[in-house]
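Undergrad: Take a look at the letters that make up each chain.
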Amino acid sequence: MLTRVKSAVANFMGGMMAGGSNGDHSGGSDLPLKYPYSRPEFLGLSPDEVECSADHASRPIVIVKETKRLPWATGYAEAINAGKSALNEDQARCEVLVIKRKPGGNPTSSQIPMTRRRSSLPNGEGVADKYKDSPYLDRTEDLMLNYWALFDGHAGSGAAVMASHLLHHHVALHLQEVLEILCTPNLLAPTCLGEEPINHHLTPTSQRALTRAASLRGAAGAPCSPGSPPTRFFTEKKVSQESLVIGAIENAFKDMDMQIEKEKGVYNISGGCTALAVVCLLGKLYVANAGDSRAIIIRAGEVIPVSAEFTPESERQRLQFLAYMQPQLLGNEFTHLEFPRRVQRKEVGKRMLYRDFTMSGWAYKTIEDDDLKFPLIYGEGKKARVLATIGVTRGLGDHSLKVHDSNIYIKPFLSCCPEVRVYPLGQYEHGADDVLVLGSDGLWDVLSNQEAAEAVTSFLANCNPDDRHRYTMAAQDLVMRARGVLKDGGWKISNDRLGSGDDISVFIIPLTHASKQN
Amino acid sequence: MAYAYLFKYIIIGDTGVGKSCLLLQFTDKRFQPVHDLTIGVEFGARMITIDGKQIKLQIWDTAGQESFRSITRSYYRGAAGALLVYDITRRDTFNHLTTWLEDARQHSNSNMVIMLIGNKSDLESRREVKKEEGEAFAREHGLIFMETSAKTASNVEEAFINTAKEIYEKIQEGVFDINNEANGIKIGPQHPTTNSTLSGSQGGQHAGGGCC
Ligand SMILES: Nc1nc2c(ncn2[C@@H]2O[C@H](COP(=O)(O)OP(=O)(O)O)[C@@H](O)[C@H]2O)c(=O)[nH]1
Ligand SMILES: [Mg+2]
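These protein sequence lines map, in sequence, to chains F and S.
Residue 1 is where the first sequence starts when you use the UniProt record's numbering, and the numbers rise one by one after that.
Residue 1 is where the second sequence starts when you use the UniProt record's numbering, and the numbers rise one by one after that.
The shape of chain S in the complex, shown without the other chains (with noise of 0.2 Å):
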């Protein structure tokens, strides 16, 4: 399918909170309970239109134990967006977020547009972390903020959307280079500024056919 743009997205934080659930519930539309630990990266990926554009989301699920840190930090570089998600009901994972933060700005390019998560809204009565914890660090840290859960697909459409804006508007600023693909940015073959199809005399703008 043609789009204007493709964004990379890499989701981290530590396991358990909810990270290949997001990507189901984005995907698929569904929940599944149980799902495999996943123990190097998994890919996913949809479309959504932003500004009646349409833009490929591709997005990079990884695996959160200490074991494989070296593997997933070597896939932040080239990710226009990250996903940073904590689990509500556990401090634990909260607490880690300066670690990964930390991590996910010393490997990743600096435009980087983070999207904090707290993930498991939905078990409210099971809560450790308060909603005002998780907007406090957010503002601190410069990150954008939203809970969600991966079970009710709550506000989940909302967080991978939410960041593609602003990716977007980044674009429009001026801020990526879009032409340096390890910026997790893509032009896809129908986008009127691309040089990549030798059109020949038709010249301009002609809706591209399939990708790559």
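Extracted from the complex, chain F is given alone in its bound form (with noise of 0.2 Å):
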């Protein structure tokens, strides 16, 4: 991405780039790292192993040891980029996480200030324990969790670097404020905590949801009779589990990116990456994807998408519009409008098509002077770009990120905001071959839904169901396929097509795992 930034900032400037540093870490910056550029935590590598791992040549496919089992018997492999940047500015992470009661109790209670919460952000350890840490728990107040990330950096791997050690701290902390809640079963969300409660159930016959539900509430002896709830007088939304778990996860992206932000005044956090993170939890599995990773699900072959990329061309409306509302963001030097392409100054007063805010359409319009300024988005599909600079629209970091040369800064036009989808794993059946796949854009940038779907079922079908390593095997095969093989100096893939220059990482997840577990 970093690359991806210059060049289209060098193609805009007039090539004013040229000969820049390609320093990770420094970026100019005499702070400390807050953590070392390495490769994910899971894959255990010695210092060593990370060189080897970086090798721009040979592009060596890293795969999950042996002896480092990840949970569900995940399959993970990664492939470092073909020299566009000199470390692999993807990261990983694999957690399994219990979410355990606020010491002292009465987690859900609403006494909890909101910047109390803020001011402790989390540094690595926290409310969520690591599963295997901790052997002595009390399951029926615990909440376990799985969760997958995959991080895409651009610009340095330093917002990456930390998103990976520190989102799902985020998650945990945010879920533990609606713990009790979540482990009510069939329990409506309380609209306001420590209130009286109404008629929220879904299940009225559930005595012991109730009694809990009423008891969290935490109103010091308010009278709660069952049989007949207090009458209300207005409407109220309904609002299930399910959405205080979207809630939760948005919210830690947005403090995720809070304190990267926070956090720059003391360390060195270079650039900003993409997040797709995946929470499974009370048997649904939550995809929260902020940037152009990409998870699918394959069952019995088929594909179903499970996330939607954020790219300039995709969040074009939502760009426009904050553009046309501010334009000062835009610094007098770019115009919101879309055209098809850069309008030269012999076409003022001339009618071209365009597109605003409020279109998905073209139109045309009257060329003005002000229609010669450069256009906020630029460039098609994977060359696409906001402001000439950034060809992602949501993530975390890159609060100091401008335009080239410019005071204009990018960050107002990126959002932290993922978007959640759920999947229902406890309604369906799924057989051994059924997977959800998490690739960065290295891998869906060569590989289209259909072609990764065939390329795992096929591989898996030819393996034996009972290797702990079948969903390894696969992910390294699709790697393989993404990544190909050099050929007359170019990584070349199936049918001579161009193979991913790109840092390559793919997660494969085996769905039965949920159902053996929960």
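Since the hints were derived computationally from the structure, they do not count as laboratory data.
Note that the structure is a prediction, hence the values are computed from the model and not measured.
In silico PhoX-like links for lysine-lysine, alpha-carbon gap of 25 Å or less:
hint: 1; chain 1: S; residue 1: LYS186; chain 2: F; residue 2: LYS487
hint: 2; chain 1: S; residue 1: LYS29; chain 2: F; residue 2: LYS68
hint: 3; chain 1: S; residue 1: LYS29; chain 2: F; residue 2: LYS65
Reconstruct the complex from the two isolated chains, following the hints.
TA: Below, the structure written as structure tokens:
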């Protein structure tokens, strides 16, 4: 992504970027690193192995070691880029987390001030214990969740490394706040904590749920007779537990982004990153995506997309609207309108095709001087850029990213908000070859969903169902298909197409394990 | 650690011949009787000294199974040395050498030094391939040859180091283009001829700090 940014800027600025240094850590900062660059923790690579993994000439496909088995027999493989950046800017994380009740009880009380939570930013330890470290759990009150995430960094590896270390702690923190509601079957989220409960229950017969719900609301001695709920005279939105989980994940992304911004003052945190995180909780998969990584489910050979990419093209109208409302963000150098190509001075006064934020189709307008400015969104497909700088529109970090040689910040146009989709795992039967595939854009740039699904399905079909490496081998095979082999100086894949020159990271997560485990 | 050169090796040969054990014996000086099946590529590294120079060996251990062959092949190109291993107690692993060699010759750079290794020399009673056969094969194909035991460590050091000496000689003879990293050779930060560090007025030789 770094070079993508660079070359786009270079094109725009007439190639003035030539000879820029590619130092991944420094970025001109004298501040210390919070986390040193490395490969995903679960790979357990030594510094020598990390060095080997960064071999741009051979691009080794690095996989999970036998001794480092991942939960659910999850498969993982990665390969570094073909030379666009010195380091692999993708990062990955896989965790089993146990959300515990807050010490001192009353965990869902509304009394917890937001500021207190904010002031104690997670630093790699906290509410969420790793499963293996906590053998003495009160299973009835603790909530276990599985977590997988991919981060694709750009303009440095700092933000991706930091997010890979910390995002799951933010998720755990937010889930902890609603832990008791989530642990009560069939309960709708109480509208106001600590208030008299009303008829919130989906199943009125759920006596256990009711009493627990009443107790967790903590109203001291509030009389509560399940038979006669108090009457309300206004309608109220029903908020499901599922929505609470979604909200927790969304806020976790926001807090992660704020933490990066805050700690940039103390640490050197370079660049930004996309984030694709999957949480499996209480029989459901929550797929949260901010950026251009992608998740698909392959069930009985069929592709079920479970994420959508956020790119300058997919988010054009949001970005144009923002620029229209706040034109100062464009620094008088860009126009929020889109034209099919750059407008030339001699075309002023003529009528040309354009689109505004209100349109998905095209219309004609009379060209004015203002339309000669560089378009906010320019380029097509993978080459589309916001402010001639960046090719993804959601993610974490990038707080100091500016349009080259200007004072125009990119961050206001970026969103850290993920789209969270829910897949009800428990509602389907899954076979051993039904999997969730997470891939960074290095994978999807060269393979379609269908191609990836066919590759995985046929690989797993030819693989011993009891082989616990089968998902890792399938991931390795998929990375191989996207990377290709070196031929006549270029990376080539099947049908003589160009292989991906980007960092490629893939998780393959079997879906049968969820039912076994929960 | 600073080094004068880095040489990249690849270890190839049928599955079960002792590739991973050889690597472990060389890097960690231990033998692990039950080694996990290699299903991708694994790495090891060690520093050695040749001609008074520190040389870092970076060793890629590959999967021998047919199903991983295309992945393994893709790693030949960037290697300066290859250890081609067979098991002296399994004739089929010796019979497959021709295929391995063809593969290696086709996908590697032409100067790659290949060391033929007959491993498990400690299992004399179960020997199926005579030492002379190994020597003859090596002579015929222009390879260096040794019998080793990853278990007793016999000849393991020698196998890795002799390969490095051969590469080093080729560098001295000017056969290798050391500026092309695709040849599996990297000049270390302390090398006198390196121009990668902009040392300004200091100029010339100075011991470099950490690598990369
Ligand atoms: N006796 C003996 N056994 C060996 C030797 N080297 C490897 N082995 C055994 O051979 C088996 C396969 O070794 P491994 O290194 O995994 O082979 P690879 O598939 O080529 O990597 C293991 O059970 C080792 O214990 C050796 O030198 N002597
Ligand atoms: Mg092995």
